[in-house]
Amino acid sequence: MIHLENITVRAGQFELANVSLELPSGSYGALMGRTGCGKTTLLEAIIGLKPVQRGTLWIGGQDVTRRKPAARGIGYVPQDGALFSTMTVREQLAFALEIRRQPKDKIQQRVNELSDWLGIDALLERHPFGLSGGERQRVALGRALSFRPEILLLDEPLSAVDEETRDEMYELLRRVQNETSVTILHVTHNSEEARELADTVFVLRDGQITEE
Amino acid sequence: MTQKQTIRSGLPDSLFFLCMSIIGGSYVLLIVLLLLADVAYMLQGAGWREIIFANPMVLALAQPEIRYSVVLSLISCTLAAVLSLFVAVPVGWLLSRFRFRGRNLIDAILDIPIVLPPLVVGLSLLILFQFWPLTARIPILGKSLNELVVYQIPAVILAQFAVAAAFAVRTMKATFDGINPRCEQVALTLGCSRAQSFMRVALPEAGRGMLTAFTLAWARALGEFGPLLIFAGATRNKTEVLSTTVFLELSIGDLEAAVAVSLIMVFAAVSVLLITRIWGAKDVMI
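Residue numbers (the working numbering), protein chains in the order written: chain A, 1 to 212; chain B, 1001 to 1286.
Extracted from the complex, chain B is given alone in its bound form:
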């Protein structure tokens, strides 16, 4: 008796690719639809002249307090991202390269800002600044750190940094995990101290990852809202950034302005992401 061998053919390749594309594409479509809906809502019933010269985005940008919030957003996000990277590089390197006592605990602690609701981060920052020595008067300045930071511009940067840095740390750890530690070890045999091997070999190799960590932290900082509201407040022309502007416009019932500012945020974010990508692409090794 001959046994007939059957091969289960499964899904045809073309159908498989179609399924993958549909599932993956649906999310891309959702994002595009969200943006299109915002644009459509903003421009409904407007003529061409109005669309170009008097659309709600242009009108919003004409207001000095919104221009202030755009500028403060750009500056605070950049500072928060730089600070995040400054912290993330050493933390990511240490966690990636060494096995030491308490490593898992530190790893878990670093996830807390990611897991916690952002609102709680803001509340915790506010509470932290009620304690000594943050409430102690600094002789030269005549004020305490509490007075200098809370509900002031530094609070905006600190609140953004507190959350954004955690994302930068994750990215930098993954970056160093992906870099062969042998290279640094070879550098040690070639005459480098630890610091030299880090600066001359590990850091240049991590360039792309640093750029990714920076952009991720920047984008995260731009979207930060909860901790800002609690720790920095939402005072116009003082601690107002784009995310708080959207909230303020919504709270006074100006939906159109809120949508307009949201779109300004989208443009700002996309431009920064594109610039860093293009800048980063020049760095690709040939």
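Okay, chain A solo, but in the shape it has when bound:
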């Protein structure tokens, strides 16, 4: 569950004041809004990259407002994937688990499971350079899901993929929602994406969130 309770966030001169949003566990929410309306700022506040000035942020029933990003249990897929260029796909999928000092065989098992599931078996030994838009997003998705986070935040994940890949990604994201208990918040400005995937659509307009 994600619950934003009267949150105020600032980014330079820009301020989002008293924003509230509630997304129940296991559901798929889409956050829409025009470019520059503050979607990314809000996302960064949820992740913990921007400090929350006022209000409370609840994740899975716990107050995480002052917690560091690492302790929030959020899987994050940025717009361009932001893959680590010096690591192979296998290393990216194992990264979060290595940081958590999990045993090698468990990491190996999880990497195989994820790569099977996302259809990126053949890419495991490759570096991100030369991967297609869809492949990059699959890897980024795998990396974000690797440590079984409670929340998955997707920042316009389909903006750089072609039409055909987009349909495949819709299918994949639906599977992610059905087969894991993760709560997904998907930021987009594409209403078709929101209609296709989301149970709840939130619109950020003039500094306020409304549910549609």
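Think of the hints as simulated: they come from the structure by calculation, not from any bench. Ideal Cβ placement from N, Cα and C applies to all residues, glycine included. Mixed in with the good hints there might be a few duds.
To be verified - Selected chain B positions facing chain A (in silico; Cβ < 8 Å): (1) Gln1185; (2) Leu1190; (3) Glu1205; (4) Ser1251.
The hints should help you fit chain B onto chain A, whose structure is shown.
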């Protein structure tokens, strides 16, 4: 009335490329001519045997004090470049990633060693070392830092570092500017602390830039002369490096030896640059 549309054709493509090549090539030609002139001057009137076995470069290298200066140059430049990189990585990262009060001032301060005449850097170092606590006696060593550094080998490294680090900082800032900060942010969400995201993500991504910063600092240190002369002196077999050797040979009127040492410097620099390039090329991501 029909209006005839005219397209201004401008310079033909072939002519444009020719102009660009001539303008760009002229500088390359100047560098090559400079080196060729040095070689020609050094070898004029010599026979083949002399060219191979008794050219001024070989003769210069036969002198122990010049061998000392070659070795000291290689060691001091490498140490200065390592120190420069050690400082440049955190400074470049902080300046690139964060907007904080006084950032512009720090940015400007970091340009001072680039803008100042090197001679002034040396003079300022010398003056700095006249102040406490640098003049205070260190109990265990029985000497002050001033006595341990000024006109000694550490002064060579410090003078080279003072200027070279500024160039390394510029390179590292540009490197981190070019790396997507999102990667480090993703690492934070994956469970990393700031230090872990820096060490595991930012630093490996900056590998190529670090190599460039190192080579630039190394080359800059090799060419350093002004601050060395003032802060480290030019004592034979003590603080003499290749750039000071050229000066010393010139000052006693031995132009041939000066040219020979200059060419040794060119070879040393080109070899180090080539080695680091080749080593760096292995690192290119496929």
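So, going through the hints one by one against the coordinates:
no. : hint    : verdict
1   : Gln1185 : holds (6 Å)
2   : Leu1190 : holds (4 Å)
3   : Glu1205 : holds (6 Å)
4   : Ser1251 : violated (50 Å)
Checked against the numbered hints above, the structure violates only hint 4.
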